[in-house]
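**Student:** Single-letter residue listing:
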Amino acid sequence: MDTAAPLLPPADWRDFLALTKPRVMTLVVFTGLCGMLAAPVHVDPVLGFTAILCIALGAGAAGALNQWYEADLDAAMRRTQKRPLPDGRMDRQAALHFGVGLAAFSVILMGLAVNLVAAAILTVSILFYVLIYTVWLKRRTPQNIVIGGAAGAFPPLIGWAAATGDVAWLPFLLFALVFLWTPPHFWALALFVKTDYAAAGVPMLPVVAGERATRRQIGLYTAYMSVVAIAPWPLGLTGWIYGVASIALTAAFAVLALLVAIRTQRTDDPMRQEKRLFSYSILYLFVLFGALVADRWVLP
Amino acid sequence: MKPDDLDLIRRRQKGRAIVMGLLLGGLVVLIFAITLSKIRLEMHG
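Protein chains in written order, with numbering that gives the first Met the number 0: chain A, 0 to 299; chain B, 0 to 44.
This is chain B alone, in the form it adopts within the complex (with noise of 0.2 Å):
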């Protein structure tokens, strides 16, 4: 494996990685705002 070839690899792991943090920290505001949704609505039928 090449120098360059491993710099590639590491760039796009980081990409991914960044990626992928965003998507969980955004599904978990997601998540938390739905169960408030339910609980506004099953208090408000």
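Next comes chain A alone, as it looks inside the complex (with noise of 0.2 Å):
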């Protein structure tokens, strides 16, 4: 009796490059640039160029493992079941020596050409956004997003450490500051799309814990959030481009965040305001992380 699998015909390249989550990587890909840029030395071109090439294929590989891993709840949800691993497009083993390939290749390329700690620093990131996030955390707890988070925070940590082959206080706070961004912003998302999650039975905050608790989360999140983002400039580590630009985005941030906070949910909800933080939370990355470099290469 043949028990086989029906034989899919080869993926497209396509496809291989929507595993690979492009449009989470250009977040990963500028914030890790922006940590390169904020360091205080001079960055070879070529040397640059290959870590920020390796932090890309690294988040790439990080995004196939997961999509590999999560098949099934892709498959559960409207957001996500046009993948190519739910929609039957491409082979799970394909995906799975795809995803370890590229991780390999990343963390190699990184130790040769630019440096043995830069190297650690992102096979920790991909490790941890496999096992720690999409293994472990994802389908076990509401608290998946807040851990999980750490894994998107790396790639500024690596960034630093690609261009000075050490670390120091102000890449821990851009750890930290993109650490305690994503709950508040995923938290938003969850609420707009929280049938979506149940339907799936990820344990996401607003499924378990219901949604005035989620609210409450966010602004507590948001809080922390503030302090670690306009701290670098009291502590001397930035100057005051990056220090005005972070108290009045944070300000906005907080303003938004609260707005969430205490609303009630009514019947048919439209939801502007949540769509507004999480619109406006990736918006807030990108200026913040562009103020910070503008800071160092502006001043002198």
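Taking CB as the label site, the calculated pair distances span:
#  : chain 1 : residue 1 : chain 2 : residue 2 : range
1  : A       : 25        : B       : 14        : 21 to 27 Å
2  : A       : 78        : B       : 10        : 25 to 31 Å
3  : A       : 92        : B       : 16        : 16 to 22 Å
4  : B       : 22        : A       : 44        : 18 to 24 Å
5  : B       : 35        : A       : 167       : 27 to 33 Å
6  : B       : 8         : A       : 278       : 39 to 45 Å
7  : B       : 14        : A       : 296       : 37 to 43 Å
8  : A       : 242       : B       : 8         : 54 to 60 Å
9  : B       : 22        : A       : 92        : 16 to 22 Å
10 : B       : 17        : A       : 211       : 51 to 57 Å
11 : B       : 26        : A       : 266       : 52 to 58 Å
12 : A       : 266       : B       : 16        : 51 to 57 Å
13 : A       : 219       : B       : 23        : 46 to 52 Å
Below, computed lysine-lysine pairings styled on BS3-like, alpha-carbon distance capped at 25 Å:
#  : chain 1 : residue 1 : chain 2 : residue 2
14 : A       : 20        : A       : 81
15 : A       : 81        : B       : 13
16 : A       : 81        : A       : 137
17 : A       : 20        : A       : 274
18 : B       : 13        : A       : 20
19 : A       : 20        : A       : 137
No lab work stands behind these hints: they were computed from the structure. A quick note: this is a predicted structure, and the numbers were derived from the prediction, not measured. For every residue, glycine included, the Cβ atom is placed at its ideal position computed from N, Cα and C.
Take each chain as given, in its own frame, and dock them per the hints.
**Tutor:** Structure follows, in structure tokens:
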């Protein structure tokens, strides 16, 4: 009796590209680049480019392995069911081989071409995202986003380490900033796609603890994040450009988060405030990191 | 296997081969540039 799975035609190269989650990669590359450009050293352009390429490939590998492991979850959610694996356009084993190969390549290239500290942190970030977040936490605890958020916080640290071969207080604060930014960012999203997560059985905070608790947590994490976002200036780690930008941008973030935190959801609520907070949170990180680089390169 | 399936497989194989060729070419150029940068850094400290 033939029990083998039906043979799929070879996947299109665009499906491999989709496995790497290119949109998520944009933010990862940007924060990694800013971490590198904020370092107080001259970076060789070729080695700098290689480091950013390795960060992008490492993030792509983590995304591919995440989609390999979560194909069943992705199939249950409208937002993700057109991805290559749930849509049946790609064999799971091909996704696994692609993810592992890309991860190994990115780490080896980083180690050989840039430095071992950056390669080690890149390895930890990939393993953290795949093993701690995807495999361990995501299906087990509503705190999945909080701890898993650390995986997305590594790029500025890797960028800095690639430039200097070391780590310092500023990249640690940048790590903490992205780490604390992740919960309000994702929980704002989870509030307006709650039904999707519930259908897939993912214990996101709004599904498990309810809407009010989620709103309270958004307010709480925004308060922590605000302190960390502004801290580099009074600590003397950045100049006034970052200081002014961080105060203005964080104040706007805090207002939007507060509006979400104190709201009560109605029937057929269009969730405008939550969508606004989610969109602004992405802009916030881009502009804040941009200000950090401007601060380093514009000020003497 | 229908002729349409075979056509799809050939098209995808060709697309993947082209992309793989371009990536490998890019990798060769990158490794060469990294080597030059490393030599330059060694020479100038």
